[in-house]
Every structure is written in C-alpha cells, then in structure tokens.
Amino acid sequence: MINNQPLLDPHPMWDHQMSSEDKPTALIVHENGITASRLKSIMSQRGWASQICNDGDKAVDDYVKMKPSMVFLGLNLPTMDGHVAALEIRESDPEARVVFVVSKSRLSKANDAAYSAGAVSVLVTPLTRADIDQKWVLMNGPIPNAPGLADLDALYPDLEDEPSPLPPLPTPPLSEEPSQIDAPPTPLLPLPELPKPKRKRRLFRILILFAMIGSIGFSAAFYLGFVEI
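Start counting at 1 in the sequence shown, then tack on 8, and there's your number in the numbering used here.
By construction, these hints were calculated from the structure, which means they are not laboratory data.
As the structure is a computational prediction, the values presented were derived from the model and not from experiment.
Backbone N, C-alpha and C fix where the C-beta goes; we use that ideal spot for every residue, glycine too.
It cannot be assumed that every hint is accurate.
What the hints assert, rightly or not - So the derived label-pair ranges between C-beta atoms look like this:
| # | residue 1 | residue 2 | range |
| --- | --- | --- | --- |
| 1 | K75 | G55 | 15 to 21 Å |
| 2 | I42 | P102 | 28 to 34 Å |
| 3 | N148 | Y123 | 16 to 22 Å |
| 4 | K31 | D159 | 19 to 25 Å |
To be verified - Listed below are the simulated DSSO-like cross-link pairs for lysine-lysine, each with C-alpha atoms no more than 27 Å apart in a straight line:
| # | residue 1 | residue 2 |
| --- | --- | --- |
| 5 | K66 | K31 |
| 6 | K117 | K66 |
| 7 | K31 | K48 |
Starting from the given sequences, assemble the full structure and let the hints guide the process.
Below, the structure is given as structure tokens:
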C-alpha cells in the first residue's frame, strides 16, 4: 500500500527566511573597501544584515542611530582614528560589541587598542569565513571593560574655544534739544607755508652787489692812478 501523504521536511528551519527586521545587524567601518565587502559577505552568510561606513566620525553617529549587535572597526580611518572611534562608541553604549579588523603589520597596535576599548576580538586580514568561525564564540562572549575611556580626552582633545568678540561700545544718549548736541571737534588746520623768495628779487640783490664791487674797484684804480678822468 502506497502512502500518498506528503513527506514532512526533516529540516524545516532551512526553509524559514528571516526578514530584515529579524536579522542581527553589524556596522562595518573600514578604510579598505575590499575588506569591508568581504566581511559583509561573510556576515550575510551567517544571516546578518550589515551596513558599511568608511569614516570614523560618521561611524559613531551611525552606531547611535543603528544600535547594531556588533561593530567591526579598522584603525586607519579618515577623520577619526579607529581606536578613538571605538572609545566613543563604548562611551555612548557600554554594551557595544567591538571587533578590530587589521592587517598583520598592525596587529600589535590593534591588540593595544582592543585592550583600551574593551574589544571582544581582533581579526587579521585577509579574512576568511574560517577565521570568523574560529573566533565566533569569543566575538559573542562577555564584553570586557574599556580602561581607555579614562584617557579619552587626552587621545582626542577638543579644539580650543575661539575668543568671543568684544561687545559693542554703548552709544551715548542723544539730547532732546538739537542745540545741546555737542558738535564734533574742528580739525586743526595745517600751518601756512612761508612764501618762497621770488627769483627776481634775488637777482636784483645780486646786481646791486656787483655794482657796489665795481664802484669800489673803480675808486681804488682812480686813487692809485690807473684811471684818469
């Protein structure tokens, strides 16, 4: 006898499609677009919805808006260092789950930043799914404290406040009667220059001087007998 009843699916959970609202979310903040896309693909295979950002300052704002379940951070981010961005995120949300993603050459610095910001793990590029599978339990484990929050002001000091402009000088009250209004002081006139002597008067004096010299010379010649009248 043939049983015509449909067989039950032994794995009904695989047919269940999670909606975007049901999926856990991840914020991926990395300076390398290839690494960010690779990480998004791996998290998508795990059923996560991810959003990519490549700016450290914007990442803090995006985290506050999204409240993702996990945030992946690079270190060499524009506008804000990844270490400082992690501290800013932990300051806004003490339960933030931070994972640093760096190259092997920056692993030592990433480990220091992970301790300071209380990151749950550090991943080394190039990423593979096996790397995340190996650290998945640690990435979802207890969240460490962030001792670097005490030094956040020293790592990211605020800009000095610009000096505020001085208030304008008060305007003196005007008198009701126009005659009582003080007139502005009269500017001092420059002293008149003395007129320069005219050339004609100077020439006249020179001619008189020559005439006097000539007269004296003629008298002396007459006295000495050089000239007869």
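Hints, verified against the model:
1. Roughly 18 Å separates the CB atoms of K75 and G55, a value that falls within the hinted 15 to 21 Å.
2. Distance hint check: the CB atoms of I42 and P102 are about 32 Å apart, consistent with the given range 28 to 34 Å.
3. Between N148 and Y123 the beta carbons are some 19 Å apart, a value that agrees with the proposed interval 16 to 22 Å.
4. Under the hint 19 to 25 Å, the C-beta atoms of K31 and D159, about 36 Å apart, miss the expected range.
5. Of the supplied pair hints, the one linking K66 and K31 holds, its CA atoms being roughly 23 Å apart against a limit of 27 Å.
6. For the suggested pair K117 and K66, the alpha carbons sit about 22 Å apart, so the restraint of at most 27 Å is met.
7. At roughly 13 Å between alpha-carbon atoms, K31 and K48 fall within 27 Å of each other, so this suggested pair holds.
The structure shown violates just one earlier hint, number 4.
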